[in-house]
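Could you slot chain Y onto chain P? The hints should help.
There are 2 protein chains.
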Amino acid sequence: MARMLRVAAGQLGPIQLKDTRKQAVERLLALMRQAAAEGAKLIVFPELALTTFFPRWFMESQAEIDEYFEREMPGPETMPLFDEAKRLGIGFYLGYAELTVEEEKIRRYNAAVLVGADGKIAGKYRKVHLPGSEELRPALKWQQLEKRYFEYGNLGLPVFRAFGGIVGMAICNDRRWPETFRVMGLQGVELVTIGYNSAAHDPNGGDESEALRVFHSNLAAQAGAYQNATWVVAVAKAGIEDGAGLIGSSVIVDPNGRIVEQAKTKEDELLVHDCDLDLCKHGKENMFAFARHRRPQHYGIITAQAGITPPPEE
Amino acid sequence: MARMLRVAAGQLGPIQLKDTRKQAVERLLALMRQAAAEGAKLIVFPELALTTFFPRWFMESQAEIDEYFEREMPGPETMPLFDEAKRLGIGFYLGYAELTVEEEKIRRYNAAVLVGADGKIAGKYRKVHLPGSEELRPALKWQQLEKRYFEYGNLGLPVFRAFGGIVGMAICNDRRWPETFRVMGLQGVELVTIGYNSAAHDPNGGDESEALRVFHSNLAAQAGAYQNATWVVAVAKAGIEDGAGLIGSSVIVDPNGRIVEQAKTKEDELLVHDCDLDLCKHGKENMFAFARHRRPQHYGIITAQAGITPPPEE
Chain P
267 MARMLRVAAG
277 QLGPIQLKDT
287 RKQAVERLLA
297 LMRQAAAEGA
307 KLIVFPELAL
317 TTFFPRWFME
327 SQAEIDEYFE
337 REMPGPETMP
347 LFDEAKRLGI
357 GFYLGYAELT
367 VEEEKIRRYN
377 AAVLVGADGK
387 IAGKYRKVHL
397 PGSEELRPAL
407 KWQQLEKRYF
417 EYGNLGLPVF
427 RAFGGIVGMA
437 ICNDRRWPET
447 FRVMGLQGVE
457 LVTIGYNSAA
467 HDPNGGDESE
477 ALRVFHSNLA
487 AQAGAYQNAT
497 WVVAVAKAGI
507 EDGAGLIGSS
517 VIVDPNGRIV
527 EQAKTKEDEL
537 LVHDCDLDLC
547 KHGKENMFAF
557 ARHRRPQHYG
567 IITAQAGITP
577 PPEE
Chain Y
267 MARMLRVAAG
277 QLGPIQLKDT
287 RKQAVERLLA
297 LMRQAAAEGA
307 KLIVFPELAL
317 TTFFPRWFME
327 SQAEIDEYFE
337 REMPGPETMP
347 LFDEAKRLGI
357 GFYLGYAELT
367 VEEEKIRRYN
377 AAVLVGADGK
387 IAGKYRKVHL
397 PGSEELRPAL
407 KWQQLEKRYF
417 EYGNLGLPVF
427 RAFGGIVGMA
437 ICNDRRWPET
447 FRVMGLQGVE
457 LVTIGYNSAA
467 HDPNGGDESE
477 ALRVFHSNLA
487 AQAGAYQNAT
497 WVVAVAKAGI
507 EDGAGLIGSS
517 VIVDPNGRIV
527 EQAKTKEDEL
537 LVHDCDLDLC
547 KHGKENMFAF
557 ARHRRPQHYG
567 IITAQAGITP
577 PPEE
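First to last, the protein sequences are chains P and Y. Using my numbering, the letters of the first sequence map in sequence onto residues 267 to 580. Using my numbering, the letters of the second sequence map in sequence onto residues 267 to 580.
Just so you know, these hints were derived from the structure itself, not from any lab. These numbers were taken from a predicted model, which means no experiment stands behind them. One or more hints might be untrue.
One copy or two, it doesn't matter: identical chains are merged, so the pair holds either way.
With a straight-line Cα cutoff of 20 angstroms, these simulated DMTMM-like cross-link-like pairs (lysine to aspartate or glutamate) come out [unchecked claim]:
hint : residue 1 : residue 2
1    : Lys-390   : Glu-579
2    : Lys-407   : Glu-333
3    : Lys-550   : Glu-579
4    : Lys-352   : Glu-338
5    : Lys-390   : Glu-580
If we strip away everything but chain P, and leave its shape as in the complex, we get (with noise of 0.2 angstroms):
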């Protein structure tokens, strides 16, 4: 048997402070097209792909921030991607930021949706994992104001029936989280979508090479889909930014944590491939049979605590 989706990465190049939603647009809808062109079914777009990765500047002003959310998804600027989709019937993942309004209070997310080919939102998802700081750390170069600049995605890590199988969805930073991972895969995962603005510097001050943090990267997304038997497809916004570097290396990672095609630029990019859904069966029956072989009853300072408890000391 086999279950055939043929899946498309939508690596964007860098879209610089200056450049318009308008602009990233109409690239994310070449994309798209190209995309549709090719058979693919689904395209998954980085994180915040509709502007530069504004959390690496300070900004006290809110509406200065502000100018980087979006208010309505769809809205005026982003409809023709819903268009389009529905149009060329193809489904998409499209990572933004989201400024919406609950309990009469303004709310600020990490968000992504995932698009059915219909051009209608099949799944929402808020970004979990944020990293960075919430005040200015005056000694590095280059900020990251996550947390500063968006609240904790509040919809937990689902995951969606959707394209003939099941779609989960991350972004970025989540991926370096094996729970992420892996309370996708207690809900059968057989697809996760990851976008991402992962810097090419040590975003903490050390000396990480920007080699090291391509290596980080694919690591943790083939982990995450070997120990979940599922195919990955990893997406980012690549190169030099507002004059800060971007790591590229797009994925898409078969359910051994093989990865199956790779970008090779730092550009706007395409990968395309023939994802057998069916092909996350053998891990998910046998290795990785949670049922059988999962012993959460040894598990329970994952979920009891977010901190380090060290032993006793001597």
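Leaving out everything else, chain Y in the frame of chain P:
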């Protein structure tokens, strides 16, 4: 600052059915002496390091099965390891099959001890993630009957203050489960010791190649190291044992997930590396600063259920 620990991986080639415990201990002693001569303070040996990997055989006689088990640790045949460790001032990890009496009942575990440079047991572990089946699978050439011959470990996934750091223990299949590493990571682990016997063929009758199984083994160790900012020493029993192949690829992995030492043979082979335990700090204090970045409120199903709960059918 540096907190150096010179660690050795003492990979074993095959131990055949006809080989005696005395022969196995002689080989372990030779590796231990070589490690001590090279200045190592700890040597990690494989899982079930005293006999062939007997769960590949279906046996019905409990007396026959029990011949593979140790009733004491140390016992008469393993005491030379403890004596020599003390004489040389080197600690060791040893995997073995444990037969013991708890609550007036005979219990059998896939176990490991961590022995200090004083020749005393510093930590003990019993394998939590037993792979394979309880029953004979007639279609398979080689069985994997750990679930038949052992009970599930009942000592949790502990870590120990030893060798100037925080040391954890896991056994073989444990390493494929991110929960194993995370439970130790949440206890501040800086060095995870793992012994394994991993088949070179697909133990579930699929078509996984030996190369793929080596890749899986390394991927699991590397992801566990990176995502918990810990050193990992994973040590194989390797080669053709009783006609069945075992992968080698013993590795020492740094806290960035990079393989820094890797076995080149499927024979008795020693790897030695200077592990700076302070290299764990950058990851533990930044990217994987658990207290700041983990979101356990979204991880509930990891401990609430063992198996998969798929989303409702549409």
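Structure-based check of each hint:
In this assembly of identical chains, the alpha carbons of Lys-390 and Glu-579 lie at most 20 angstroms apart only when taken from different copies (18 angstroms versus 45 angstroms within one copy). Within a single copy, Lys-407 and Glu-333 get their C-alpha atoms no closer than 23 angstroms, and across copies no closer than 64 angstroms, so neither meets the 20 angstroms cut-off. For the identical chains of this complex, Lys-550 and Glu-579 are inter-copy neighbours only, at 19 angstroms across copies versus 41 angstroms inside a copy, given an alpha-carbon limit of 20 angstroms. Taking identical chains as interchangeable, the C-alpha atoms of Lys-352 and Glu-338 lie at most 20 angstroms apart only when both belong to the same chain, with a minimum of 18 angstroms there against 70 angstroms between chains.
In the homo-oligomer, the alpha carbons of Lys-390 and Glu-580 lie at most 20 angstroms apart only across protomers (17 angstroms), although the nearest pairing inside one protomer, at 49 angstroms, exceeds that limit.
In the structure shown, a violation is registered for the earlier hint numbered 2 alone.
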